[in-house]
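Here the protein sequences line up with chains Z and D, keeping their order.
Each residue of the first sequence is one higher than the last, beginning at -12 in my numbering.
Each residue of the second sequence is one higher than the last, beginning at 13 in my numbering.
Among these hints, one or two may not hold up.
[What the hints assert, rightly or not] Okay, derived cross-link-like pairs now, DSS-like style, lysine-lysine, Cα gap no bigger than 30 Å in a straight line:
1) Z:Lys156 / D:Lys81
2) Z:Lys37 / D:Lys171
3) D:Lys171 / Z:Lys45
4) Z:Lys37 / D:Lys81
5) D:Lys88 / D:Lys171
6) Z:Lys45 / Z:Lys67
7) Z:Lys38 / D:Lys171
If you're looking for bench data, these hints aren't it; they were derived computationally from the structure.
Given the structure is predicted, the values throughout are model-derived calculations rather than measurements.
The lines below spell out each chain.
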Amino acid sequence: MRNSLPPNPQIDANGALTHLLSIDGLPREIVLNILDTASSFLEVSDRDVKKVPLLRGKSVFNLFFENSTRTRTTFEIAAKRLSADVINLDVARSSTSKGETLLDTIDNLVSMHADMFVVRHVSSGAPYLIADHLNRLGRSDIHVINAGDGRHAHPTQGLLDMFTIRHYKKDFSGLRIAIVGDILHSRVARSDIRALSALGATEIRLIGPKTLLPAEMDIAGTRVFNSLREGIRDCDVVIMLRLQSERMNGALLPSAREYFNCYGLTPEVLALASPDAIVMHPGPMNRGVEIDSEVADGPQAVILNQVTFGIAIRMAVMSLLAGN
Amino acid sequence: MPIDPFPDAEAQCTELAGLIRSRLKPGTLLVGIHSGGAWIARRLAELLPLPGEIGLIDVSFYRDDYGEKGLHPHVKPTSIPFDIENRPLILVDDVLYTGRTTRAAINELFDYGRPASVSLAVLADRGGRELPVYAEFCVWRVELDPREELILEPGADEKLRWRLEKHA
């Protein structure tokens, strides 16, 4: 049965992007097209009237089966700046808790004339399941955006990170990029690694304690360091990951204080990186756990600009999908 | 009806500037539509007694064929580096045809404020209007077959030139 499906459900028969599920398998030209389109959308958010009419009359459903205020809000803002109608479903608390299956929920929303689903789910692959289901129904006019599935992928975060790097560094070739922290549980890290390899970054370094680094096969093409001081040396971009407190309970780490001593980004440690290195973080930050306040608020941090860029990226993805 | 030879587009820009100069209102701002209109607007800004800065507009986010054709590739950022409120604007494009691009550009401009007036300056008017749009400033009126597309492009010497593309 699976054989009848196209190998990459996010690309249609004409090679156009129809769902955004993962950066994996996205042709480089599509990634670049999203970044270029986002550059044009950046300006829209600076206008008095922060709106363009592209998605007027379209209904975008935010389906967050897992909480995330920031990601949901930026998707909502992006859709509204494109003039779409946005419906936020508090699915974590509604139908599913009454026993409805995911695909039954989707079928109901399709009957309500949904044009796009933005899906965040604790299970890896949930957005694929929905995209696959829509493809089988022959509803190529309905698009799915993965807003984070389990440990698997968070493609718009990966894209906004690439946008941020390109904004400050212009070109990926020659860049050394450090990703620091809980790589094992991070869908952001996974999406970033895929995107960075697609765009031709010179060196990707993964830095973290052994307990938070993934198995070898997941990190092909990267260099692994267990020492932050060693790994950060001469890097042009430092991407800090959020340390999720629940990892502490799982006995993967002794304490937040000890983690900060080894892997917290302080001004002294950052001084080992390239002098014009930028510091990124997907948020929300734990000050004093993975990042020192002095760095987070310092001149090299571009963390708040990432949030602004995230809206432009989501506008670009939505408008490219809805037009395909 | 073959066009041979094509008129000199650079000379047409000078001629267009002459048409505008005689009726130029004080405080006028130029806004070029990407990409042809942007090239022409840059030339007009040099030829006319206007402040140097021009606005550039990419109407991709306002087009009425998005539903059929999707987002145009290679969208450029719109940049309106001045306040358009109560100012006379001249929208500049290379070719006026259906009028839909002009409609989209006016739509977009009004998201930046309420200009005192908007007029349209083009090098070529090829007829075939589908909307009530009129170019106050135009140097070349030409009738073309709907399958023909008139394209303005800078050559290797950066001089603007016309060419005709035939579509099946």
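Against the structure shown, which of the earlier numbered hints fail to hold, in ascending order?
-> Violated hints (numbers, rising): 1, 2, 3 and 7; every other hint is consistent with the structure.
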